[in-house]
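Q: Required output: the full structure, derived from the provided sequences and hints.
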Amino acid sequence: MAIAEQLQEFCGERRRDLVRFANLQLRDEALAEDVVQETLLAALQGSDAFSGRASVKTWLYSILKHKIVDTLRSRRREVPLSGMSNADDEDEGFETLFDRRGFWATEHKPHRWADPEDSLEQQQFWQVFELCLDRLPARTARVFMMRELLGLETAEICQELAMAMTNCWVILHRARMGLRLCLEETWFTR
Amino acid sequence: MMNCKEATQLMSQELDRPLTWRERLALRLHNLMCSGCHQYRQQMAFLRRALRSRSGGD
Chain A
1 MAIAEQLQEF CGERRRDLVR FANLQLRDEA LAEDVVQETL LAALQGSDAF SGRASVKTWL
61 YSILKHKIVD TLRSRRREVP LSGMSNADDE DEGFETLFDR RGFWATEHKP HRWADPEDSL
121 EQQQFWQVFE LCLDRLPART ARVFMMRELL GLETAEICQE LAMAMTNCWV ILHRARMGLR
181 LCLEETWFTR
Chain B
1 MMNCKEATQL MSQELDRPLT WRERLALRLH NLMCSGCHQY RQQMAFLRRA LRSRSGGD
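Top to bottom, those sequences are chains A and B.
Mind the numbering: the first sequence is residues 1 to 190 in this note's numbering, read in order.
Mind the numbering: the second sequence is residues 1 to 58 in this note's numbering, read in order.
Just so you know, not all the hints are guaranteed correct.
Selected chain B positions facing chain A (Cβ under 8 angstroms, derived; list incomplete) [to be verified]:
1. Glu6
2. Thr8
3. Gln9
4. Gln13
5. Gln39
6. Gln43
7. Met44
8. Ala50
9. Leu51
Selected chain A positions facing chain B (Cβ under 8 angstroms, derived; list incomplete) [what the hints assert, rightly or not]:
10. Val19
11. Phe21
12. Phe98
13. Arg101
14. Phe103
15. Lys109
16. Pro110
17. Arg112
18. Leu120
19. Glu148
20. Trp169
21. Leu172
22. Arg176
If you are wondering where the hints come from, they were derived from the structure by calculation, not from laboratory data.
Ideal Cβ placement from N, Cα and C applies to all residues, glycine included.
A: Okay, structure coming up:
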């Protein structure tokens, strides 16, 4: 399939996927639309540069990720991270998962998830997944998505957000803990 | 022995930085004896796979 044709697919129905991806991180639908628009435009203009080694999807997402990083950077100047709602410093209820000695409380001990790979193919799973991501406190979500969706290294994130490395690790740990717990309660129920 | 709370912290950090050999060893010993943490580690790996597939990684 010619690259123009493949890009057209992303201007149509698969465009929604790109917008949702951007919105997860920007939490601003209009801004997400703009960023995706710019991405598609950049892709069309730069389609000669597309090497064909990666899939069009991978290529588009890599452009989109750069645009999101740029947007986050420029917005940070307007809304400093420290000003974001910050439930992060509070205990998110993870303490009750463990007993006093720090071992899993019996009722919270992780159990095997049934067919997790199979879930990846189900649209419903992704709806639940996004709801769970949305439930993370704003600052936690920001750091986590920079790491996992934008694929930045922890050192870059800390530098970008002017945070100590250990603080970054704590936040990432809480994000994973929260996401896991949410999935277990809503999707991988016992 | 390392407790589960500490183990979960290391299982998150191993996705963000290389653990020292001491940490790797302690974690491995813990997980050999703890089925909950063994599952937790699989689930962390799954979360990463899910997120990577979501962001256009092939």
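Q: Hint by hint, say whether it matches the structure.
A: Hint-by-hint comparison with the structure:
| no. | hint | result |
| --- | --- | --- |
| 1 | Glu6 | holds, 7 angstroms |
| 2 | Thr8 | holds, 7 angstroms |
| 3 | Gln9 | holds, 6 angstroms |
| 4 | Gln13 | holds, 5 angstroms |
| 5 | Gln39 | holds, 4 angstroms |
| 6 | Gln43 | holds, 6 angstroms |
| 7 | Met44 | holds, 6 angstroms |
| 8 | Ala50 | holds, 6 angstroms |
| 9 | Leu51 | holds, 4 angstroms |
| 10 | Val19 | violated, 14 angstroms |
| 11 | Phe21 | holds, 7 angstroms |
| 12 | Phe98 | holds, 5 angstroms |
| 13 | Arg101 | holds, 6 angstroms |
| 14 | Phe103 | holds, 5 angstroms |
| 15 | Lys109 | holds, 4 angstroms |
| 16 | Pro110 | holds, 4 angstroms |
| 17 | Arg112 | holds, 6 angstroms |
| 18 | Leu120 | holds, 6 angstroms |
| 19 | Glu148 | holds, 4 angstroms |
| 20 | Trp169 | holds, 5 angstroms |
| 21 | Leu172 | holds, 6 angstroms |
| 22 | Arg176 | holds, 5 angstroms |
This entry does not satisfy hint 10, going by the numbered hints stated previously; all others are met.
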